[in-house]
Amino acid sequence: MQLAGSHTFRAPRQVMWDLLNDPEVLARITPGVDTLEQTGPGQYQAVLHIKMGPINSTFNGALQVVDSKDPETYRLHIDVDG
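Residue numbers for the sequence shown follow the numbering used here, beginning at 10 and rising by one.
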């Protein structure tokens, strides 16, 4: 599954960068994430609740920040077990 989108915020870039790197904020804005625990710089363990059609399950996963260009952009790579 690949998710993509954009939104423009009227806030200083550094404020937004700091928020997007806060595990609590990241958990709230990442679809399907129930819990998120930082395990290292840019690395997280997560519990995800995913519903697609008849599939409605909870999975363990690992999130990793990749292609980071502070304070402009990064991508999240998510691996899910199950």
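Treat the hints with care, since some could be wrong.
[To be verified] Heads up, simulated EDC-like pairs for lysine to aspartate or glutamate below, C-alpha to C-alpha not over 20 Å straight-line:
| # | residue 1 | residue 2 |
| --- | --- | --- |
| 1 | K60 | D31 |
| 2 | K60 | E81 |
| 3 | K60 | D76 |
| 4 | K78 | D43 |
| 5 | K60 | D88 |
[As the list claims (entries may be wrong)] Pairwise CB distance ranges, derived in the manner of DEER restraints:
| # | residue 1 | residue 2 | range |
| --- | --- | --- | --- |
| 6 | V24 | G62 | 37 to 47 Å |
| 7 | R22 | I64 | 14 to 24 Å |
| 8 | Q23 | K60 | 15 to 25 Å |
| 9 | R22 | G91 | 34 to 44 Å |
| 10 | M61 | P21 | 19 to 29 Å |
| 11 | H58 | D31 | 15 to 25 Å |
| 12 | R22 | S66 | 36 to 46 Å |
| 13 | D27 | D76 | 33 to 43 Å |
| 14 | P63 | D31 | 26 to 36 Å |
| 15 | D76 | V34 | 12 to 22 Å |
| 16 | Q73 | D43 | 17 to 27 Å |
In short, the hints are calculated from the structure, not lab data. We put the beta carbon where it would ideally sit given N, CA and C, even for glycine.
Hints, one by one, checked against the model:
With a C-alpha separation of about 25 Å, the suggested pair K60 and D31 falls outside the 20 Å cut-off, and the hint is violated. Our distance criterion of 20 Å between C-alpha atoms is broken by K60 and E81, whose separation comes to about 31 Å. For the proposed pair K60 and D76, the alpha carbon gap of about 28 Å is over 20 Å, so the pair is violated. At most 20 Å may separate the alpha-carbon atoms for a hinted pair to count; K78 and D43 exceed this at roughly 27 Å.
A hinted pair counts as satisfied when its Cα atoms are at most 20 Å apart, and K60 with D88 qualifies at roughly 16 Å. Taking 37 to 47 Å as the suggested C-beta distance range, the pair V24 and G62 conforms, at roughly 38 Å. Range check, R22 to I64: about 38 Å between beta-carbon atoms, so the 14 to 24 Å window is missed. Checked against the hint of 15 to 25 Å, the C-beta distance between Q23 and K60 comes to roughly 35 Å, which is inconsistent with it.
For the pair R22 and G91, the beta carbons lie near 37 Å from each other, so the given range of 34 to 44 Å is met. Remark: the range hint 19 to 29 Å for M61 to P21 is contradicted by a beta-carbon distance near 37 Å. In this structure, H58 and D31 meet the distance hint of 15 to 25 Å, their C-beta atoms being roughly 21 Å apart. At about 37 Å, the beta-carbon gap between R22 and S66 stays in the expected band of 36 to 46 Å.
As the Cβ distance of D27 to D76 is approximately 19 Å, the hint placing it in 33 to 43 Å is violated. For the hinted restraint 26 to 36 Å between P63 and D31, the CB-CB distance of approximately 35 Å keeps it satisfied. Between D76 and V34 the beta carbons are some 20 Å apart, a value that agrees with the proposed interval 12 to 22 Å. At roughly 18 Å, the beta carbons of Q73 and D43 sit within the given window of 17 to 27 Å.
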